[in-house]
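J.: Spelled out, the chains give:
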Amino acid sequence: MLNNIDMEIKNIVEVSLFAANEALSVMELQGLFLLEDRPDKYRVREALNALQEEYSQKPIELVETASGYRFQVRSEYSPWVTRLWEEKPVKYSRALLETLAIVAYQQPATRGDIESIRGVAVSTNIIRALEEREWVRVIGHKDVPGRPALYATTKVFLDYFNLQTLGDLPPLASLRYQQCNTEPPQPQ
Amino acid sequence: MLNNIDMEIKNIVEVSLFAANEALSVMELQGLFLLEDRPDKYRVREALNALQEEYSQKPIELVETASGYRFQVRSEYSPWVTRLWEEKPVKYSRALLETLAIVAYQQPATRGDIESIRGVAVSTNIIRALEEREWVRVIGHKDVPGRPALYATTKVFLDYFNLQTLGDLPPLASLRYQQCNTEPPQPQ
Amino acid sequence: MEIKNTSDNAVPIQHPLVLVDGQPLQELPENLYIPPDALEVFLETFEGPLDLLLYLIRHQNLDILDIPVLKITEQYIEYIELMENIRMELAAEYLVMAAMLAEIKSKMLLPRQDEESSEEEDPRLELIRRLQEYERFKRAADDIDALPRLYRDNYLATAELLVDKIEKPLPDVELDAIVSAFQEVLKRAENFSHHQIQREPLSVTERMSRILQKLTDDSKEFLAFHSFFTPEEGKSGVVVTFLAILELCKAGLIEVVQGEPSSEIWVKPIVE
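Protein chains in written order, with the numbering used here: chain A, 1 to 188; chain Y, 1001 to 1188; chain G, 2001 to 2272.
No lab work stands behind these hints: they were computed from the structure. Mixed in with the good hints there might be a few duds.
[Said to hold, decoys possible] Here are the computed lysine to any residue pairs in the SDA-like style, where the Cα-Cα straight-line distance is at most 20 Å:
1) K1155(Y) <-> P2171(G)
2) K58(A) <-> P79(A)
3) K1058(Y) <-> P79(A)
4) K88(A) <-> R2152(G)
5) K1155(Y) <-> S1123(Y)
6) K1142(Y) <-> L2156(G)
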């Protein structure tokens, strides 16, 4: 059982998560309190654990994503909620998803890297769309002639796809070409 | 006690109220269900009552306003939540700055002008943010089909950037554009 | 924010039917495994030559590790020719791939000298490696698409906060940021051939006097704001006129009035 002070910390954390409209980190949650009664990380985490437990039987859940904690509707209830939203969920083009996948798994990646894997030129619009969504950003420039931009994914990307770290991405299929037989091919 | 069906109605009502960005009326809540299993008003109200009871001990409450029901933070917790916005340093997105720049240098500009220069669709949020800041406003409508709004910068914009006139905007000296010469080049 | 379908290397195809020189194409290449109606959306359906090759291989349950190059090459080239016949604008990548396949094919048909063969790689290897690499990311793209996603599979649960208008600090912007944003945009705009940004030597002062002239010449008390703009002058002309009107306003020589938001704007000379 939480004592009264901890109960109050839990309540403040709870309302803030509901009011924030985005995930809040433990540090941001600590920042809600004035310096003199700011709880340490452990007590904030304790409050978060208590909330997770409290909502475990409810249709909304407290989840942790890359940039912190947020309340969200359990996915089994999404079909009902979708009806509230007039706009249909956006469907992304394959070109955009493939570009995103290459950046996500190969980061940091240059445009050239993306093009050599996909075998086609990368459209500027796709890169810009990804940047505008803040899923991808330039984190530097490769030290080769032309100094091409190096792209990487962001926390916004992880948050959007409910991931805590890049390690949570579905594993990339492995290449099998090494097994390719090295015997000279037969003329066909 | 609610039976299973009523429990499910309550859950759907609950997630919808949490996911909607505005109050929902009983009728809107009924509309979430497909016709064949749409609960009557009475059952929706029953679900709302059950939720009100459930949240009576919690720091957020289910309140009825003129346009319907919504969850809100109990007022005694507002001071904490308000701190979420107080300290957060905000930054404008690149998309917003570019849109502002295009309006500033190419005014009056339509949304289409902005889109054709940037190569991506302009989000309504950006235009709204610029209008709310009173940096950009509609000064008329272009006399073409659809009569798109023409945007221009305002005096507030000039004041903010310490400019007397638009002519004081820094010249784009570092970039030289090739004029589209339709005439053959003249010998110097 | 919405993202429209941005695959801009997909060339819109206007042929409702497969036509050659205005005549419907009766015979399709025999070994074609793509249904004829898919031809119309050929460029939109495939993300490039690798994607098309993968399709051809998968569709025949061929082993990617042992591609019958001859067969695939022939099919691929038949496709390319068909596309050219119906004057579809083909992305250069498709032609490069055709050349690469032809090269592999010829290498494989060439009699090899024994001492060389041990060192020489199977000419298919590089292609196989690229196909597999592409396929990995193609799958990864599907995996990412299947991840639970905000506003499709997950929705934030939020509660209203009732306080008197929260004073959110507004972001600060430096003038430099605007200038560089515009330069950035212009640099990019140069890539769009259809969009030309021209700077013409138009004088604001000269335009100011022209506007004043127009206002005094015309006996009317008000002139519509838009009547000062000549679309034929292009954007820069419009900008210069606008600047001139602003300058005249500031100098207290004219007044710009508007009855209500979004209504007609009027310009009126201030007579002392």
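J.: Is K88(A) within 20 Å of R2152(G), Cα to Cα?
T.: 8 Å, holds
J.: Hint check: K1155(Y) vs S1123(Y), CA-CA at most 20 Å. Holds or violated?
T.: 24 Å, violated
J.: Does P79(A) sit within 20 Å of K1058(Y), going by the straight-line distance between their CA atoms?
T.: 27 Å, violated
J.: Within 20 Å, alpha carbon to alpha carbon, are K1142(Y) and L2156(G)?
T.: Violated, at roughly 40 Å.
J.: Take a quick look at whether K58(A) and P79(A) sit within 20 Å of each other, Cα to Cα.
T.: Roughly 17 Å between the alpha carbons, so the hint for K58(A) and P79(A) holds.
J.: Regarding the pair K1155(Y) and P2171(G), is the alpha-carbon distance no greater than 20 Å?
T.: 18 Å, holds
When each numbered hint is compared with the structure, violations occur for hints 3, 5 and 6.
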